[in-house]
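Put chain B with the ligands on the given structure of chain A with help from the hints.
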Amino acid sequence: MIEKSVDIAVIGGGPAGLASAISAKESGVKEVIIFDRNSWSGGILPQCIHDGFGVEETGLLMTGPEYAEKYIKMAEKIGVKLLNETTIISFNKKREINAVNKNGIYKIKAKAIVLAMGCREKTRWNVMIPGDRPSGIYTAGVAQALINLYNILPGRNVLILGSGDVGLIMARRLKLEGANILGVVEILPYPSGLPRNVVQCLDDYDIPLFLKHTITSIVGKGRLKQVTISQVNENLRPISGTEKRIECDTLLLSVGLNPENELSKVAGIKVDTRTGGPIVNQDFETTISGVFACGNCLQVYDNVDILSLDAKKAGESAAKFIYYQKNKKNIQLNMGQTFLNNIPGNGISYVIPQRISKFGDIQLTFRVKKPNELSNLCVSSNEKTIFEKELLCVNPAIMNKINISITKETAIKSLEVKLNDG
Amino acid sequence: MFNFHVAIIGGGVIGSAIARELSKYKINVIVIEMGSDVASGASKANSGVVHSGINSAEFSLKARFCVEGNKMFQHLADELNLPLKWIGKLVIAKNDEEINKLECLKNVGIKNGVKGLKIIGGTELKKQEPHISCVSGLWVPTAGITLPYQLTIILAENSIENGVKFLLEAKVKDLKKKNDYFLIETNKGNFQSDIVINASGLNCREIVSMIEEPDFNVYPCRGEYLVLDKNYSSLINSMIYPVPVVEHGFLGIHITPTIEGNLLLGPSSEYINNPNDKKTTKEKMNIIFSEAKEIIPIISKKAVINAYAGIRCKLSPPGLYKQVDYIVEESKKTPGLINLLGIESPGLTAAPAIAIEVSNIVSKSIELKQKNKFKSKSNKRKRFSEMSTEEQSALIKEDNSWGRIVCRCEHVTEAEVIKALSNPLEAKTFSSVKYRCRAGMGRCQGGFCTQHIVRIMEKNFNLDIKNIKLKSPDSKLFYGRVRVEKGD
Ligand SMILES: Cc1cc2nc3c(=O)[nH]c(=O)nc-3n(C[C@H](O)[C@H](O)[C@H](O)COP(=O)(O)OP(=O)(O)OC[C@H]3O[C@@H](n4cnc5c(N)ncnc54)[C@H](O)[C@@H]3O)c2cc1C
Ligand SMILES: Cc1cc2nc3c(=O)[nH]c(=O)nc-3n(C[C@H](O)[C@H](O)[C@H](O)COP(=O)(O)OP(=O)(O)OC[C@H]3O[C@@H](n4cnc5c(N)ncnc54)[C@H](O)[C@@H]3O)c2cc1C
Chain A
308 MIEKSVDIAV IGGGPAGLAS AISAKESGVK EVIIFDRNSW SGGILPQCIH DGFGVEETGL
368 LMTGPEYAEK YIKMAEKIGV KLLNETTIIS FNKKREINAV NKNGIYKIKA KAIVLAMGCR
428 EKTRWNVMIP GDRPSGIYTA GVAQALINLY NILPGRNVLI LGSGDVGLIM ARRLKLEGAN
488 ILGVVEILPY PSGLPRNVVQ CLDDYDIPLF LKHTITSIVG KGRLKQVTIS QVNENLRPIS
548 GTEKRIECDT LLLSVGLNPE NELSKVAGIK VDTRTGGPIV NQDFETTISG VFACGNCLQV
608 YDNVDILSLD AKKAGESAAK FIYYQKNKKN IQLNMGQTFL NNIPGNGISY VIPQRISKFG
668 DIQLTFRVKK PNELSNLCVS SNEKTIFEKE LLCVNPAIMN KINISITKET AIKSLEVKLN
728 DG
Chain B
4 MFNFHVAIIG GGVIGSAIAR ELSKYKINVI VIEMGSDVAS GASKANSGVV HSGINSAEFS
64 LKARFCVEGN KMFQHLADEL NLPLKWIGKL VIAKNDEEIN KLECLKNVGI KNGVKGLKII
124 GGTELKKQEP HISCVSGLWV PTAGITLPYQ LTIILAENSI ENGVKFLLEA KVKDLKKKND
184 YFLIETNKGN FQSDIVINAS GLNCREIVSM IEEPDFNVYP CRGEYLVLDK NYSSLINSMI
244 YPVPVVEHGF LGIHITPTIE GNLLLGPSSE YINNPNDKKT TKEKMNIIFS EAKEIIPIIS
304 KKAVINAYAG IRCKLSPPGL YKQVDYIVEE SKKTPGLINL LGIESPGLTA APAIAIEVSN
364 IVSKSIELKQ KNKFKSKSNK RKRFSEMSTE EQSALIKEDN SWGRIVCRCE HVTEAEVIKA
424 LSNPLEAKTF SSVKYRCRAG MGRCQGGFCT QHIVRIMEKN FNLDIKNIKL KSPDSKLFYG
484 RVRVEKGD
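Top to bottom, those sequences are chains A and B.
Remember, the numbering used here sits 307 above the position in the first sequence when you count from 1.
Remember, the numbering used here sits 3 above the position in the second sequence when you count from 1.
Hints are computed from structural coordinates only; laboratory data are not their basis.
Keep in mind that a hint or two might mislead.
[Claimed, not checked] If we take Cβ atoms under 8 angstroms as the criterion, some of the chain A residues that face chain B in the derived model are: (1) Val449; (2) Gly462; (3) Arg530.
All residues carry an ideal CB built from backbone N, CA and C; glycine is no exception.
In isolation and in its complexed conformation, chain A is listed as follows (with noise of 0.2 angstroms):
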């Protein structure tokens, strides 16, 4: 066994590990390790080979490898080291990891720990999709990965269940390299993937999108050959009568992602049930001291720079925390306890940070329900209004963040984040 001490263990190279590792080196740590199962850095960047990323953090159109490599040699450069192949098997909460490569196995005691283990796709099963169960049936991550990092074809007569981006973006990529799109089944009314991928995607190539339409039956002894698609009413529940067959020889699914948290489970750490990603404060601290956590793993993001970004802040508030341990500050100055709970209400389905532990200038992160043109924003704490603010085109697919003040006279026990109707 090898063991080895560090002070600030991130598990997950991808851009919210290199972010953090980045930032909390900026902040003066002395020796911070990533750690990758992928023989790569960059994590699911690498196979993200369209542009679109980076463009409101600096403002250039990259592809998903330019942005890694930017971050990856920023890393480098000042100091980060990564350790790739290398599979985080579980930690504890005394921040002691187990982890395995080639070499061995390593016992690794971390003054802190920043989570960046970033999501996975969910499967035929999360969502229930009855029938047989032949081959050609990927999540459309798999495939991009196929495609574009093992230059392998999964198929020819391929169609598509669930407008994410990833679907939709997969959609095109398979199209340009000569397979036919028969098209992308989307169960709500809207395609809920970014609106410029809907238009870059599908409309440029008329490939058809079939909102309010799901999938009823799949059929093939061996390899797939024919999908059933319905239509859905109101519930959701498919409308007999409806059925139209397609012959295919691929099904994609685009069906959401989950956010990795098997680890953070596993530690004790507390887990929010409408994230899928840990329970974290305003600094992006999970129940368990010392363990911060960012990027997909936290919260499914929808582009690559706002997760960046706060990336950044869990790496400096693994860098505070050290901070503070070692000068035997009282710890309360940041990492407190928590008097504030924070509550998705009318119209959200989750707002993070979901604790509350300092006052001050607070942002918060929250999802919207159902796409509305406008909406009233309000946050009150006790009944009383503490912020207000008019939302224009919100959408499910698109983040929101806002700042507000949190003061003793503001904050009592817990904060509701609502949309007022009408």
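The following block gives chain B with the ligands in isolation, referenced to the frame of chain A:
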């Protein structure tokens, strides 16, 4: 043409158990299986329960083979390093009427020779199964769980070590009786054999009809399952069954912990026309879920990670609410043809006992002499994730592919995948890997490991990308390269 003493049609648990039993003797045995691996039929899609014998009719072959088979399992598990846990089974009653039925079940069980049956209630019950809603339960300590596909694979692989030949992706297309031997025609060539054992499961009638007029019918009956995430495994300690409703002709939707720590909900029961129709249906998924929820109220649909169906090979038509017994005998019209017909549940449990029965039948026409060097033991297959840190470290030092995790959910290493692909059956599908080392069987159902397994198949086993299959001969996974590779 080479002449075998015995040809077994079907590499399910029954064919494989017979093969292993016969491999103890100095005869040539071949198993002909049309799937790309053994356990391609009912033997991979069932509850994995080693039944006690309380559910089979008195004096039936089902009861006899089940009780005998059950007693043989521990020894088999010790010899073959087979996963087996005697977690026991609880048949639960929800009201007074059902309590009476528990008594009946108990009595049948006692007559069938099942030991240790006990009716429990109150605090004892609550203590044993705190999450179950019921008033009383019949405790069956001799029921256990195993991994059905692994049992079949280990039986088959151990037979190969002892000289049995397995031919995969070979479908028996015709069977002819010549003077004193059979001619077996398959897509992989023709074979000659003195004795043919029909262990073809649902196809048993089709095989018989190649050679004589069958006097029975097979009624396929589908059973669907839902698989729950490992997070839920701690909810129950034993298998939980409802009181069987005789009119339904099956045991009812029950909840079975698996060896791996998942929970199985199911199976449903539905007569179907096409014996190959293994689809799952929304309707049954919902029924299974709601019936299971009546037993364990706190389960949620979010926990489902997989669904599948297995087909029962029933000799009883729909509407006949009576068990029809197994048929295990040499054909009267065609000497040398040994038929195993209607081997539905508890077929998995009965397999070792049936194998001995068949070997006795074979011994009537062929002299069975013990081999001197029968290798009864198979090596321990301990998983990386179950090893101590010291064991893990030592293996990585020896071969660093033990230090590369390729399945993130089950923590399966590259070395284990390579080992799985090096199996003596030479089965090389994705499912073959999955059933041998669990890569791809966890929550993400192959989302992460697919690309790694493909790489290993290509690099270490020279498989052509276009020939890589999911499970059956016609289940190809990929259409080739996207672009010409540098150096190609
Ligand atoms: C198809 C697709 C298209 C996209 N398009 C855009 C776009 O156009 N513009 C945009 O801005 N964003 C886009 N995104 C989103 C962006 O790629 C993600 O938001 C971002 O990559 C998430 O970063 P992350 O660091 O949280 O996770 P990831 O990039 O997923 O990285 C997580 C890393 O953690 C590692 N890891 C996890 N568990 C362990 C463990 N136990 N041990 C070791 N390592 C571990 C993983 O191997 C992985 O490398 C797209 C995403 C996808 C999938
Ligand atoms: C839903 C369900 C639940 C069950 N639960 C349990 C349980 O918990 N406990 C228990 O003890 N039993 C259980 N059983 C019963 C048990 O699974 C079966 O009795 C057992 O698997 C039968 O094995 P087999 O080898 O006869 O059939 P199979 O496993 O179906 O094997 C037959 C094989 O023959 C091959 N074959 C067919 N035709 C040809 C041909 N022409 N040429 C070449 N090969 C051919 C097929 O490919 C197949 O692999 C259950 C069954 C079902 C369906």
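Hint check, failures only = Going through the list in order, the structure violates no hint and respects every one.
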